[in-house]
Amino acid sequence: MNLAVLQQRIASILNKPGVSDPAQGVALRQAIALELANVIDEYVQSQIGQRLALLPGAIACPSPAGIPTPTPGFAALIRQR
166 MNLAVLQQRI
176 ASILNKPGVS
186 DPAQGVALRQ
196 AIALELANVI
206 DEYVQSQIGQ
216 RLALLPGAIA
226 CPSPAGIPTP
236 TPGFAALIRQ
246 R
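In terms of the working numbering, the sequence shown is residues 166 to 246.
Don't read these hints as lab results, they were simulated from the structure.
DEER-style ranges, computed between Cβ atoms:
| # | residue 1 | residue 2 | range |
| --- | --- | --- | --- |
| 1 | A240 | V170 | 16 to 26 Å |
| 2 | A218 | P182 | 35 to 45 Å |
| 3 | A240 | V209 | 14 to 24 Å |
| 4 | M166 | L193 | 20 to 30 Å |
| 5 | S228 | L179 | 52 to 62 Å |
| 6 | P229 | Q173 | 42 to 52 Å |
| 7 | G231 | A176 | 45 to 55 Å |
| 8 | A198 | P227 | 42 to 52 Å |
| 9 | L220 | M166 | 11 to 21 Å |
| 10 | A230 | V209 | 28 to 38 Å |
| 11 | G190 | V170 | 27 to 37 Å |
| 12 | C226 | V184 | 51 to 61 Å |
| 13 | A192 | G214 | 25 to 35 Å |
| 14 | E207 | P237 | 24 to 34 Å |
Ideal placement from N, C-alpha and C gives every residue a C-beta, glycine not left out.
My request is simple: use the sequences and hints to build the entire structure.
See below:
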């Protein structure tokens, strides 16, 4: 999941009809909070997975006793905006 998809899903969650009953308002707020938490968790897990997949090509170990060194692919591990 990328940032644009996350934004679309959050917008969809926030586009709920209003309620006039306070009890319904509490339930709606809890439902929205749960949906937001789930979508944000899904996004974070996706980002972690994408970066972990890049890790083997981003760091080189020249020898078993060598110090790990970044490769040109290391920049892909860092969020670019």
